[in-house]
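Residue numbers (the numbering used here), protein chains in the order written: chain C, 1 to 116; chain Y, 1001 to 1114.
By construction, these hints were calculated from the structure, which means they are not laboratory data. Be aware that one or more of the hints could be misleading.
Think about it this way: if two alpha-carbon atoms lie no more than 35 Å apart in a straight line, the pair counts; the simulated DSBU-like pairs of lysine-lysine are [claimed, not checked]: (1) Y/K1056 / Y/K1069; (2) C/K78 / Y/K1056; (3) Y/K1106 / Y/K1070; (4) C/K78 / Y/K1069.
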Amino acid sequence: DAGVIQSPRHEVTEMGQEVTLRCKPISGHNSLFWYRQTMMRGLELLIYFNNNVPIDDSGMPEDRFSAKMPNASFSTLKIQPSEPRDSAVYFCASSGAYGTTNEKLFFGSGTQLSVL
Amino acid sequence: SQQGEEDPQALSIQEGENATMNCSYKTSINNLQWYRQNSGRGLVHLILIRSNEREKHSGRLRVTLDTSKKSSSLLITASRAADTASYFCATDSLSQGGSEKLVFGKGTKLTVNP
């Protein structure tokens, strides 16, 4: 198995531009998570899905952020418009369990986002 | 939401020494997990310990859990330079709608000097 695949690996954009991050979870996993990591705030859960349905989006910073999971093998996290304070590493993770805490998460390599 | 807090924030040791990292949390948990992150990479799961367990081993890793003190420790024995990484604890937390989510601490940065 290739693991959780994220793209792009690095993204540099200008303030105000739309940014789309992509994630392919491990085949057969039914839970998918988007995390953001910064030095100041550490690792924050933005949103997670179970069976393609968003369960908890309370970590999404504001309306500029949106996430979709149109099918079991693909998810996107979109920021529109982007701002410099959105600069961070964004991780996608998946799990084979319904619910989040009883099984381990498998993380992708992350997308390093820089908004200038 | 509750969050585990690792201690110390940074730890530097010599190869062959043992490394101990601690995690404290605020409210009752169902289980606690430890993850490792190498620089520029995603997190990798190390071990999960349930609330009714007191100790768990995996290779050179030993995890303890003290629910009365709301704390856990991760011990790496006979450390190697390749153990250099950041180590995170993660605890479950109730979120909106009653669902559970995994909340991470800010990690301990371990440096093992050859």
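Here's how the hints hold up against the structure:
1. Y/K1056 / Y/K1069: Since the Cα atoms of Y/K1056 and Y/K1069 sit roughly 17 Å apart, the hinted pair holds (cutoff 35 Å).
2. C/K78 / Y/K1056: violated, 40 Å
3. Y/K1106 / Y/K1070: holds, 17 Å
4. C/K78 / Y/K1069: Roughly 41 Å separates the two Cα atoms, so the pair is violated.
Hint check: violations occur at hints 2 and 4; the rest are consistent with the structure.
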